[in-house]
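> Each chain is listed here by its residues.
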Amino acid sequence: MEYAVEMRGITMQFPAVRANDNVDFSVLKGEIHALVGENGAGKSTLMNILYGLYSPTAGEVYVNGRKTEFHSALDAIQAGIGMVHQHFMLIPRMTVAENVVLGAEPRKNRLYDRKQAGKEVEQLSAQYDFSLPARAIVRDISLGMQQRVEIAKALYRKADIIILDEPTAVLTPQEIDELGNMLQQLKSIGKTIIIITHKMKEIMDFSDRITVLRAGKKVITVNTEETDANQITEYMVGREVHLGQGRKSYSQEEVMLEFQNVSYQDKVKNVSFKLKKGEILGIAGIDNSGQKEITELAAGILTPDSGKIIHNGMEVKIYSAKEIKESGTGFVPQDRHRHGLVLGMSVEDNLLLGYQRLAEFRNKKVFLNRKAVSDNAIDKIKNYDIRPTDRTVLTGKLSGGNQQKVVVARESSRAKRMIIADQPSRGVDIGATELIYQIFSDACKKGESVLLSSLELDEILAVTDRIMVVAEGWVTGIVDSSKTTRTEIGMMMVNSASKQEVAE
Amino acid sequence: MMAKLSRDKMLSVLPSLLIILIAVVLISIILLATGANPILFFMNLFKGSFGTKRGLINTISKAVPICLSAFAVALANKVGVFNIGVEGQLVFGALGSAIAGIYLQELPAIIHVPLALFGGILFGMLYAYLPTWMYIKQQANLMVVFIMMNNLAKLFSTFVIIALIQDPASMVTASQPIQKSAYLPMIMTSPGKLNISVFILIAVAILIYVFFYKTVYGYEMTACGVNGEAADYSGINTRKYIKWALILGGALAGLAGAIEVQGTYFKLYDGFSPGYGFDGIPIALLSNNNPLFMMVGSLLFAALRVGSNTTQIEQGISGEIVTVIQGILVTLIACEYFIRYIAKRSMTRKKGRRMTI
Amino acid sequence: MSKVILLTLTVSLLRLTVPIMTMALGNMFCERAGIMNLGAEGMMIAGAFGAVVGTYFTGNPWLGVLTAVLCSMIVSGIHSLISVEFGGIQNISGLGLNMLSAGLTSFLCRSIFNTGITPSVASIQTAGFFKNIPVIGHFLSQFSPLAYISVVVIFVSWFIMSKTVLGMHIVAVGDDPKAAETAGINVWRLRHFCVTVLCGALAGLAGAYLSIGQLSFFMEDMTAGKGMLAVIAVKMGRWNTKYVVAMALLFGFFDALQAQLQINNVLHIAPELIQTIPYLAGIITMLLSSRSKDNPRALRVPYVKNKYKI
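Residue numbers (the working numbering), protein chains in the order written: chain A, 4 to 507; chain B, 62 to 418; chain C, 5 to 314.
Be a bit skeptical, because a hint or two may be false.
Said to hold, decoys possible - Below, computed lysine to aspartate or glutamate pairings styled on DMTMM-like, alpha-carbon distance capped at 20 Å: (1) C:K167 to A:E34; (2) A:K272 to A:D290; (3) C:K309 to A:E72; (4) C:K309 to A:D78; (5) B:K215 to C:D225; (6) B:K215 to C:E276; (7) C:K297 to A:D143; (8) B:K275 to A:E363; (9) C:K182 to A:E169; (10) B:K198 to B:D331; (11) B:K215 to C:D298; (12) C:K297 to A:D269; (13) C:K167 to A:E108; (14) C:K167 to A:E63; (15) B:K275 to A:D378; (16) A:K325 to B:E290; (17) C:K182 to A:D78; (18) C:K182 to A:D168; (19) A:K325 to B:D331; (20) B:K301 to A:E326; (21) A:K32 to A:E63; (22) A:K161 to A:E34.
Unchecked claim - A short list of chain C residues far from chain A (calculated; beta carbon distances all over 12 Å): (23) V139; (24) I140; (25) F143; (26) P149; (27) H196; (28) A274; (29) I278.
Read the hints as simulated data drawn from the structure, not as lab findings. Computed from a prediction, not measured in an experiment: that's the story for all the values here. Each residue gets a CB set at the ideal place from its N, CA and C atoms; glycine is no exception.
Here chain A stands alone, though its shape is the one from the complex (with noise of 0.2 Å):
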């Protein structure tokens, strides 16, 4: 049994952080090997450092039994190792062919022959059963298509060692059993596949072995027939992961919030549904659905081309993000990087943003009291655990875990009537997780509303009260959480033709 890949004693320091801590991993020629761990376990730096992105701090990496120091992603490309990342590296301007072969061009006389790559490109995709339109522009076509494309850049340059970065994020259930199978399709050719993922699902179904990353360093490697779903996550986690538990429904008659045919661009088609008092109603779909843009129609940042957007009884005349938060409602959004926090300001400062003109932090109309917005800022990290401690300290130190928690901590309380939350979890640890959905809970206890959006099925069956689903900007149905199956999920995330039907 020979090893394709041999990663020994794997540091990597960066200025404020180890990523890798002495990592130890292994992989099978031939086999398909999960490397599994929560956000923020240095999964990604490893395999970075395997496709010659970064270089070690220290440790020595062997492929094919051979030493090898990557300088560069052409070394470990003419290493034969193809890389697949979680977000797609390819250029929207371009066909699929160009894409495909860029970095690899074939030429005739010093001259790009592109009729040569398209001709490639095609005898590629039928070699695999693709399917690629060759000619087709890559900003035109599907997700699900682009990460073929991906697969094939991989394959034309003659990969046998494949890194798939989180694959499954933008992908429908059905979607992702397709991909299952084409792993297992590259598998019989002889390929070896290297997948990093945090879904329990993928993580059983598609791997042969396992090998688990906690704060850098690696806890264990195991064999998938010889575990199961709660191990794994109790190795990730440290401990046993409850998410939502034992929950109960706060969820009352009374609507919060209520959309009647809304349209926004062609992001958003013809969206209703209702808010209740005490609920937390999640939006499921495969990314880019319009779930970003309902939460911030609802949030008051964009302008609904038409339709009416009620809150609290009242419609919404004048659309603006001030207003809609001073009316009670706290927002989470997506990217919390460009539009929750301002990474340069201190934790003090981003625990005050977007709040700063209440009369508490006030100090004769127009000076800041800047007692009041340190006792905030106490008062917050001690509340919601924010690591670390010092409220000078500047935001974009924090860990992703300890910024999201910042951002919910001064949503959430400043809330009266709603939290908006997208995508909550992303890039968070699960202990943050955790506590960002018991915040949630909370809040529905007191008589506050939850719109979350999740990407992570899991999650939303877990947490949520009623799940409403959209595809490609229509919702395609709303159900009872505790009565529905992720098949059922599944199949709604991609029958945008149906009608919407609401459940009660």
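Assemble the complex: chain A is given as a structure, and chains B and C must be docked to it using the hints.
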């Protein structure tokens, strides 16, 4: 905690000091290459600007328009945009002040002085308006527009002087003298000339300091400048801040121009500004928008300008050296990220901190 | 308008377009690769000065062209170092280099020659080479050989961008440097090449043309906004060789108009106002255009090497 506070403060000042140091070294090299003695150069600079009572007063006087320009740049910088059109706004403002100073007659000084200053402010604001509009409405490249406007201001101002308001008796291209009632009151005339513009400057500086650091608006502007998108999402009206930062910047620049006309030259000379507007750029950027630092920086730049007369006479070094210094500073400021990286590397190396996620 | 004036205007137009167009093509490569270059003026004036200094000390204008290219490449090299290697703020780097280059060339000019204008040097304003061709020979010979080189540059630029792998990589690097890096392309080396070599050389050519292709001396601030117009031309031309050249021609027209009016002041406008024409043209062009979707998506975003990340 105390040690940490001062460490962070050191870390924020260090890049600026490093940049100034590197600039001094580079200037010295250039001077050596042209056969001049750099040590003598700096000594002459000092001698000419701070060495005599007259020089000192002159330096302080010259620091005023430079500092106002720096404030204008800093105002924009605070909200995250670059106002490099300050030179044009200054020149155009001077034009406004001159016109008000020349043609409004029979007015008591107590009305004429502020009125003419206001003329400068108004013209400065107007001149900042078009680029601001183009930037906000059309996402035009603000820096390109400002640079074009700077060039246009110079040409237009020359045109107006020659065509409309020229002083036939003057040897050089200049306007008619302004009315005596528009002259800025003097504080002293000997050993050097100093007028009340110093007080105006201090008042503006205090205003800016309070505004930036003590008010809610200062907080919002800071958020706007560091991460405009997050500020937007939180409900802050970033577009309004940007608009006003640029226009008020024009106002400050126009004020600077007016002060030169009403306080130093008493007429509008063609090309009176050797580049005060451009001096403001490195000063504001190196000071991180802190009014106190900007005042210090302006004094230094004014010293450069005043002292460069001495270096020209004593060593034959052309006055253009000031532009060279401007350029070196701004270019180095562009590497700030990298310089901060170096500064941070050298500071954290001592502690060897590690944090796991 | 009389035929003579029309002809003079055309010759003037073609002559004056050359520096703007050459610089614009250089900027096009630069921006296509993702680096904004506001320092075009600085690069051009460095080239203009270098050309005269080189010619002055060697007597050979072609060596002057070489010196020009070298001087421009020093400036573009610094811009590249800051923008590509250090991940600095590109617009400030460009601005700073403009100031530095303008100041330094003035300073050195005065230090060496004691005035703001150099003495006359040998120049290459005409291409005597063509004189013997029948009919059009006389017309063709009126232009500097540098102008003809610039024409060749247009075709080479078009060729590179549309037919070569290099052009493809430049687009990739400017749109998504991460995607390019993971495909095995050395993003920094390619960007350095585009900024330092391509942009710098073309800036040097443009600058040399200004001082010894059109005239025979260097004068302070002789670029007079042409670099900025080149920047505008690239954006208006949507980073596409054909349209960039077209925009440069447009600006060249206004420049020619301005020059012509100063000679024959038929409209009796003040000379300063005449000089504003190119700047007004630049601003009005910007006013009339809207945001483009064609821009290189990673333009102005620094792509820092992993080892430099804080």
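> Run every hint past the structure and note whether it holds.
To see whether the hints hold, each was checked on the structure:
A C-alpha spacing of about 42 Å is found between C:K167 and A:E34, which places the hinted pair above 20 Å, so the restraint is violated. Distance check on the hinted pair: A:K272 and A:D290 sit about 16 Å apart at the alpha-carbon level, within 20 Å; holds. The suggested pairing of C:K309 with A:E72 holds, with an alpha-carbon distance near 18 Å, which does not exceed 20 Å. Distance restraint check for C:K309 and A:D78: the Cα-Cα separation of roughly 16 Å lies within the 20 Å cut-off, and the hinted pair is therefore satisfied.
Proposed proximity of B:K215 and C:D225 is supported: the alpha carbons are some 13 Å apart, at most 20 Å. Among the hinted pairs, B:K215 with C:E276 is consistent with the structure: their alpha-carbon atoms are about 9 Å apart, no more than 20 Å. Distance hint between C:K297 and A:D143 is fulfilled; the C-alpha atoms sit about 15 Å from each other, no more than 20 Å. For the given pair, B:K275 sits about 15 Å from A:E363 by alpha-carbon distance, which is consistent with the 20 Å threshold.
Taking the CA atoms of C:K182 and A:E169, the gap is about 17 Å. The hint holds against a cut of 20 Å. A hinted pair counts as satisfied when its Cα atoms are at most 20 Å apart, and B:K198 with B:D331 does not qualify at roughly 34 Å. Taking the CA atoms of B:K215 and C:D298, the gap is near 34 Å; set against the 20 Å cutoff, the hint is violated. Straight-line distance between C-alpha atoms of C:K297 and A:D269 comes to about 18 Å, which keeps the hinted pair within the 20 Å bound.
Taken as a hint, the C:K167 and A:E108 pair is honoured in the structure, with Cα atoms around 12 Å apart against an allowance of 20 Å. For the given pair, C:K167 sits about 42 Å from A:E63 by alpha-carbon distance, which is inconsistent with the 20 Å threshold. Annotation: proposed proximity of B:K275 to A:D378 holds, straight-line Cα distance about 17 Å (limit 20 Å). For the proposed pair A:K325 and B:E290, the alpha carbon gap of about 14 Å is at most 20 Å, so the pair holds.
Distance restraint check for C:K182 and A:D78: the Cα-Cα separation of roughly 16 Å lies within the 20 Å cut-off, and the hinted pair is therefore satisfied. With a C-alpha separation of about 15 Å, the suggested pairing of C:K182 with A:D168 holds against the 20 Å cut-off. The hinted pair formed by A:K325 and B:D331 fails the criterion: a straight-line CA distance of about 49 Å is larger than 20 Å. For the given pair, B:K301 sits about 16 Å from A:E326 by alpha-carbon distance, which is consistent with the 20 Å threshold.
Distance check on the hinted pair: A:K32 and A:E63 sit about 18 Å apart at the alpha-carbon level, within 20 Å; holds. The straight-line distance between the Cα atoms of A:K161 and A:E34 is roughly 17 Å, inside the 20 Å bound, and the hint therefore holds. Against the 12 Å criterion, C:V139 stays outside the reach of chain A, whose nearest CB is about 36 Å from its own CB. Non-interface status of C:I140 relative to chain A is upheld: no Cβ of that chain comes within 12 Å, the nearest being about 33 Å off.
The beta carbon of C:F143 sits about 35 Å from the closest Cβ of chain A, which is more than 12 Å, so the claim that it is off the interface holds. Distance to chain A confirms C:P149 as a non-interface residue, since its nearest Cβ pair spans about 27 Å, more than 12 Å. With a closest Cβ-Cβ approach of about 15 Å to chain A, C:H196 is found to remain outside the 12 Å limit, as its non-interface label requires. Non-interface call for C:A274 relative to chain A: holds, since the shortest CB-CB distance, roughly 47 Å, exceeds 12 Å.
Distance check for C:I278 against chain A: the nearest CB is about 42 Å away, which clears 12 Å, and the non-interface claim stands.
Checked against the numbered hints above, the structure violates hints 1, 10, 11, 14, 19; every other hint is satisfied.
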